[in-house]
Amino acid sequence: MSGRPLDVLEESLGDRVTVRLKSDDEYVGTLAGYDQHMNLVLEDASIGAEAAPVEDTTIIRGDNVVSIIP
Amino acid sequence: MSGRPLDVLEESLGDRVTVRLKSDDEYVGTLAGYDQHMNLVLEDASIGAEAAPVEDTTIIRGDNVVSIIP
Amino acid sequence: MSGRPLDVLEESLGDRVTVRLKSDDEYVGTLAGYDQHMNLVLEDASIGAEAAPVEDTTIIRGDNVVSIIP
Amino acid sequence: MSGRPLDVLEESLGDRVTVRLKSDDEYVGTLAGYDQHMNLVLEDASIGAEAAPVEDTTIIRGDNVVSIIP
Amino acid sequence: MSGRPLDVLEESLGDRVTVRLKSDDEYVGTLAGYDQHMNLVLEDASIGAEAAPVEDTTIIRGDNVVSIIP
Amino acid sequence: MSGRPLDVLEESLGDRVTVRLKSDDEYVGTLAGYDQHMNLVLEDASIGAEAAPVEDTTIIRGDNVVSIIP
Amino acid sequence: MSGRPLDVLEESLGDRVTVRLKSDDEYVGTLAGYDQHMNLVLEDASIGAEAAPVEDTTIIRGDNVVSIIP
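Protein chains in written order, with the working numbering: chain Y, 1 to 70; chain D, 1 to 70; chain V, 1 to 70; chain R, 1 to 70; chain X, 1 to 70; chain Z, 1 to 70; chain S, 1 to 70.
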């Protein structure tokens with residue numbers, strides 16, 4: 001998988017991704033949407049590896065994002 | 001529910017949402033409006049799960065938002 | 001009261017509003033003006049619920065705002 | 001005095017204003033100029049109520065401003 | 001290697017690069033993509049020199065970047 | 001001296017100015033240039049009143065600036 | 001040397017420059033490129049005066065920059 005950042009996000013739609021935030025929180029979920037600001041929509045998301053309670057759909061505002069690992 | 005972040009907000013109008021802020025405050029309310037900056041209007045909003053006193057309408061400036069959970 | 005954030009501000013002109021800032025300061029005043037950045041003009045404004053001395057007109061730069069409660 | 005924030009600044013030209021910054025510094029001076037970013041020009045400005053030494057003309061970059069009290 | 005910053009990134013596609021973030025984290029990986037915001041795509045990326053577990057593809061949001069060393 | 005902030009900078013070209021930064025550092029130098037972001041060029045600049053070693057030409061990125069005192 | 005900030009950068013291409021960052025890190029290197037955001041390319045760069053190991057080419061994202069001393 002290679003290419004420009006938004007192309008990689010496009011290819012990752014429907015895949016499980018790990019999203020690290022500036023707050024050090026880490027979300028894991030299925031990438032259901034994104035936009036050019038890296039605002040993200042995750043489905044079946046949980047916070048961290050500690051298996052926090054699953055949240056259904058989560059919108060993350062892009063300016064909080066450090067990295068996205070498809 | 002899937003799609004681009006603002007589409008998910010559009011679909012969530014009238015629904016109860018949880019909004020997490022960079023300050024760690026968490027608002028729960030009915031999503032009554034939004035714009036492209038993720039500025040939000042919540043109705044019947046309260047802060048946190050501790051059932052703080054209900055506030056009628058609350059406008060949240062989008063740059064404070066970490067996540068929105070419809 | 002519902003609608004997009006700036007519409008709610010428009011409807012709130014002349015009403016008493018509570019403005020929470022990122023500094024945790026809280027202003028209470030009559031909303032006399034605003035613009036698209038959420039820069040605000042408050043009249044008969046005071047800081048906080050502790051009834052600090054009333055200030056006449058106060059311009060608040062929008063990037064400090066967390067929430068506005070009409 | 002009411003209206004949009006920049007209109008209130010326009011009306012305040014030549015008046016003494018108090019400018020609060022994000023650093024908690026407070027400038028008092030005569031408003032001699034401004035622009036759309038709320039960059040400000042103060043004349044006969046001093047810092048704080050403690051009557052620090054008067055500075056002649058002071059340009060303040062707008063992104064530091066919390067509030068302006070005409 | 002010289003030239004404008006984005007030209008240097010273009011020439012570095014396919015090379016191993018070290019990316020320092022504002023959080024002090026340091027990523028090492030093969031530069032697979034970038035855009036004008038310095039959003040980056042790294043392949044075979046690891047965090048730091050301590051050989052943390054290899055992550056496959058990592059998207060880094062540009063506003064976190066301090067420096068990129070090709 | 002009065003007028004819009006950038007006009008005051010224009011009038012101050014060639015004058016000694018004091019520039020306060022968000023880091024609390026204070027530069028004193030001759031204003032040799034500026035642009036609309038308040039990026040500045042100082043000549044014969046020194047840091048602070050403690051007469052730190054003189055630096056020849058210094059470019060200051062505007063987003064660090066709190067105030068400029070001509 | 002005088003003029004607008006980006007003109008001074010243009011004149012400094014090929015010269016040794018000292019770049020101070022908001023993190024307090026200081027880079028010394030030969031200015032090989034820049035753009036309008038003050039993103040910089042340094043060659044033969046080292047961090048600080050302590051003669052840290054020389055790095056070949058370093059791209060610095062402009063929003064980290066406090067000052068550039070040609």
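Careful, some of the hints might be misleading.
Said to hold, decoys possible - Reference excerpt, derived from the structure (chain D facing chain Y, CB under 10 Å, subset only):
1. L13
2. R16
3. D44
4. S46
5. I47
6. G48
7. I68
Stated by the list, open to error - Only pairs whose alpha carbons sit at most 20 Å apart, straight line, appear in this in silico SDA-like list of lysine to any residue:
8. R:K22 <-> S:K22
9. V:K22 <-> R:L21
10. V:K22 <-> V:P70
11. D:K22 <-> Y:D24
12. S:K22 <-> S:H37
13. R:K22 <-> R:P70
14. Z:K22 <-> Z:G48
15. Y:K22 <-> D:D24
16. Z:K22 <-> Z:S46
17. Y:K22 <-> Y:D35
18. Z:K22 <-> S:D44
19. V:K22 <-> Y:D35
20. X:K22 <-> S:G3
21. S:K22 <-> R:S23
Please keep in mind that the hints were generated in silico from the structure rather than gathered at the bench.
Keep in mind that this is a model prediction, so the values were computed, not measured.
All C-beta atoms in this analysis are idealised placements derived from N, C-alpha and C, irrespective of residue type, glycine included.
### Task
Give me the numbers of the hints this structure contradicts, sorted from smallest to largest.
Numbers 1, 2, 3, 4, 5, 6, 18, 19, 20 - these are the hints that the structure violates, sorted from lowest upward.
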